[in-house]
Every structure is written in structure tokens, then in C-alpha cells.
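Novice: Using my numbering, the first residue of the sequence shown is number 1, and each one after it goes up by one.
In case anyone wonders, no lab produced these hints; they're calculated from the structure. Please note that a few of the clues may not be correct.
Claimed, not checked - Derived DMTMM-like pairs: lysine to aspartate or glutamate, alpha-carbon spacing no greater than 25 Å straight-line:
| no. | residue 1 | residue 2 |
| --- | --- | --- |
| 1 | K99 | E45 |
| 2 | K94 | E45 |
| 3 | K154 | E175 |
| 4 | K69 | E12 |
| 5 | K176 | E12 |
| 6 | K4 | D121 |
| 7 | K48 | D58 |
| 8 | K154 | E122 |
| 9 | K162 | D133 |
| 10 | K164 | E117 |
| 11 | K94 | D121 |
| 12 | K78 | E26 |
| 13 | K69 | E79 |
| 14 | K191 | D104 |
| 15 | K97 | E135 |
| 16 | K68 | D36 |
| 17 | K97 | D35 |
| 18 | K57 | E79 |
| 19 | K164 | E122 |
| 20 | K99 | E148 |
| 21 | K83 | D167 |
| 22 | K4 | E135 |
| 23 | K154 | E45 |
| 24 | K73 | D36 |
| 25 | K154 | D104 |
| 26 | K49 | D36 |
| 27 | K94 | D104 |
| 28 | K139 | E122 |
| 29 | K48 | D36 |
| 30 | K164 | E135 |
| 31 | K139 | D36 |
To be verified - Pair ranges (Cβ atoms, derived):
| no. | residue 1 | residue 2 | range |
| --- | --- | --- | --- |
| 32 | E79 | Q194 | 38 to 46 Å |
| 33 | N142 | H61 | 17 to 25 Å |
| 34 | N150 | H39 | 19 to 27 Å |
| 35 | D35 | N150 | 17 to 25 Å |
| 36 | L60 | Q194 | 20 to 28 Å |
| 37 | I100 | H39 | 16 to 24 Å |
| 38 | S145 | H39 | 17 to 25 Å |
| 39 | H61 | N173 | 32 to 40 Å |
Here a beta-carbon is modelled for each residue, glycine too, at the ideal position from N, C-alpha and C.
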Amino acid sequence: MSGKIIIGVSGEIGAGKTSFVRCLQEFGVYPVWTDDIAHDILRLETVKKKLVGYFGKDILHNGEISTKKLSAKAFRNKENWQKLVGITHPFIIKRVKNKIAIADSKYIAIDAPLLFESGLDELCNYIVWIKADLEIRKKRINRLSWQEVNNRTKYLIPAGIKEKMADFVVVNNGEKRRLMKNAQKIYSGIKSRQ
1 MSGKIIIGVS GEIGAGKTSF VRCLQEFGVY PVWTDDIAHD ILRLETVKKK
51 LVGYFGKDIL HNGEISTKKL SAKAFRNKEN WQKLVGITHP FIIKRVKNKI
101 AIADSKYIAI DAPLLFESGL DELCNYIVWI KADLEIRKKR INRLSWQEVN
151 NRTKYLIPAG IKEKMADFVV VNNGEKRRLM KNAQKIYSGI KSRQ
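Let's have the full structure, built from the sequences with the hints guiding it.
Specialist: Structure representation (C-alpha cells):
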């Protein structure tokens, strides 16, 4: 990723990864949203065919992959989760690399819930771990039940281990001004090292 500085941003569900990356955008950092990429690749025929081949046709809705149905099967057991990762992550990583290559900024932030699990951390010069109190995270998550969150995270590397692997840790308990200040401080610190 010649000459570009890649900042990986990860954290627990509801911690505010996306909000932090949006703050970095204010300083000209180019964002790469892996959740959007993951949704996009589900439309690729190659990916669709592999997923249907493993999980069955009932993950389809009107000919497209239903993320709700896929999630219900993929997070049922570790083998299914690993299969989902094995099918989708090579495509996600390729798209992330393409986005980095075409980015018109020296500084790029990858918003990646599965930064470590996908191997995207290996592309990064710096890693920022975003965390927030449990009750705050629960309030922020309105599209999933807490049981669904637990199902989606039980096969991941424990948060405490990932936090120790980060270069920076940001506590985001809700004050946007503080989050922006943290983003500015981290961005300035990274920039000064170049």
C-alpha cells in the first residue's frame, strides 16, 4: 500500500467504530466501510452460489441473499461461521485493497468489526480499538437483540485480547465532542510520526 498510512478501526458492537471513522473523515482521512463491502459482495453471483451451496436455498429472498436468514444459519455453530468467513473474506479483503489503491488520500481508515479475524489488521500501520460501557452499547444497538449480538460475537477473538493488540484505545461513552477530540489527537499523533 505504497506511501499510504492505513488506520484500522475496530471495536465491540455498538462501541462507535463508524462514528470514530466519520470523525477521522473530517481531517481528510479516506474511509473504507467493510460492512458496506460485505453487503455488496453478497450480490456477486460467485459468492451467492457458494453460500447457497453450503447454507441452502432458504437463505434467499426474492433471489437475493437475506442477511437475516444467512446470519441465523452462519452463527448457529463455529463450523458454519468459519465457512461464511472462508467464502466472504477473500472477496472483502480484495475490495478493501482496491479501495485503498484508488484512495486519493495518504491516510485511510478501515472501519472493520472483524479487523483481526479477517486478517485486515496486517494491512494496517495503526490500529484503533473503540470501546464503550455495556449499557451504552446495548442502547445503541437497535437492529439486533442482545442474544443476536452474543451469537455473532461468541466465535470472535475476545475483546480484551484485541484491545491489547491496538495502538490506541478510545472510550466512546457518547459525547461526540470528546470522540472528535480523540480522533483529532490520534490523527495528529499519527501524522507527526510520518
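Novice: Would you pick out the hints that fail for this structure and give their numbers low to high?
Specialist: 3, 12, 15, 20, 21, 22, 23, 25, 28, 36
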